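All chains should be modelled from the sequences, with the hints used to inform the complete structure.
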Amino acid sequence: MIRVNDLSKSFNGKTVLENISVSFDTGKTNLIIGQSGSGKTVLLKSIVGLHEVDKGEIWFEDVLFNKLPFSEKKLIRSEIGMLFQGSALFDSLTVEQNVSFPLDMFTTMTHEEITDRVNFCLNRVNILNANKLFPSELSGGMKKRVAIARAIALNPKYLFCDEPNSGLDPITAILIDELIQELTHEYSMTTIINTHDMNSVMEIGEKIIFISKGAKCWEGDKNEILNSDCEPLNDFVFANSLAKKLRSGGIK
Amino acid sequence: MIKFLTQAGKYFLLLKKVFSKPEKPSVYYKQTLREFVFLGLNSAGIIAIISFFMGAVITLQTAYNTENPIYPKYLIGLGTRDSMILEFSSTISALILAGKVGSNIASEIGTMRVTEQIDALEIMGVNSASYLILPKLIATLLFNPILTLLAITVGIGGGWIAGTSAGVISSESYIYGIQYAFIPYYITYSLIKTVFFAFIITSVSAFQGYFVEGGSLEVGRASTKAVVYSSILILLFNVILTQLLLS
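If you're matching them up, the sequences are chains A and B in order. Start counting the first sequence at 1; every next residue gets the next number (this note's numbering). Start counting the second sequence at 1001; every next residue gets the next number (this note's numbering).
It is worth saying that the hints were derived from the structure and are not from the lab. Among the hints, erroneous ones may be present.
[To be verified] Ranges of calculated distance between the beta carbons of each label pair, as one might list FRET restraints:
no., chain 1, residue 1, chain 2, residue 2, range
1, B, 1046, A, 116, 40 to 50 Å
2, B, 1185, A, 79, 23 to 33 Å
3, B, 1046, A, 62, 56 to 66 Å
All values reported here derive from a predicted model rather than from experimental measurement. Where a beta carbon is used, it is the ideal one built from N, C-alpha and C, also for glycine.
Put into structure tokens, the structure is as follows:
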């Protein structure tokens, strides 16, 4: 479990997150949703320690992560896998080198063991016969899959996904969402996903936190989200014309 | 002034991170070998070409400016040798490398920053500054002296070919000139300068790339800044080192 208590963050005097308190459950896909610019990515990056927070506490189980020295933070980070919005694959490395990178760096596995693990992870995300390709030779969906394979290479306890299906077509986006949910259940990870995609919310939203203007406005699951009385959340959920018609009963 | 001090502080803090203990030396070793090729070996061609023509021009200019019979012809070879060793092989080569290697380093690291590849390294628990910059520093500190020796050799050779081809000096006089009153310390002086310049080029360019914020436009600006600041520092340290080492 990851817990965030009273977290605030500002940039150059501008408050981006204000007094956010939330917990993320183990073995569930926890979604942070909100409009672009609402502070989702800053919250995610603050939790993993890429941003220093102004105040507040970030707990990984019973460890107060944001107060740890750099050397001890590294131990927690070795249990974190992260999928970035643009995949963030290393351009100069092939697909298999990207996936083997954390294994080379942090394990004492032999070359054969690393190769086996890389192939297992790539098979798990349905990337076949692409080991020697470079990221520039992959499609957007394949890049995301390889990034997921790299993120799970070290069997992480925590998986963070920043807009995992941005830039993907709806079918590929659903496949990526399903893959993340399967992996979450399979390895009992604490998964936190940033998204503004309502398809993702309705597909995999086991726990949902809605953020608006840097503050937490609502918390629930995909079954509760359509019946919320939170006005900013309703504006967000029913933003497109199809959802508006469905809500008003215009479509039967 | 405050901005300058802030930047200087950030630069030295980055260096502290760069020189911290590597997570896994074998991975850094492989990365260093890769940088030997990318930053060192791949620069040998341009250094050889430029040195050849610099040596040729120095020889011809010296010849046309010392036509007075009072001056012995072998002085042309001596002038080419000392010019190449003292200044051209180290300083001019460093300025060229600041353009080629410096912009390469700044744009590579800057692109990794804006595409979140550096964040990905940090999330994994890798000291990104050390992993990205230390192998480049080691590679350039070890390889640039080899490039300097190459520049000296090719430059003097270029002078010989140009001088004898143009008929301004005989082969015997030129070879006598490059052997005449040779001071081995000049080579040491040149290599010391090269090591300092290599450090400046790599660390300043990496600093510019590492702290890029924004997109491709900012990466381009960082790359330009890397070349400009490296060049200015090379010229500044050229004066300081010359005073310290030759006075």
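Results of checking the hints against the structure:
Between residue 1046(B) and residue 116(A), the C-beta spacing of about 43 Å keeps the proposed range 40 to 50 Å intact. The hint said 23 to 33 Å for the Cβ distance between residue 1185(B) and residue 79(A), and at roughly 56 Å that hint is violated. At roughly 57 Å, the beta carbons of residue 1046(B) and residue 62(A) sit within the given window of 56 to 66 Å.
Hint check: a violation occurs at hint 2 only; the rest are consistent with the structure.
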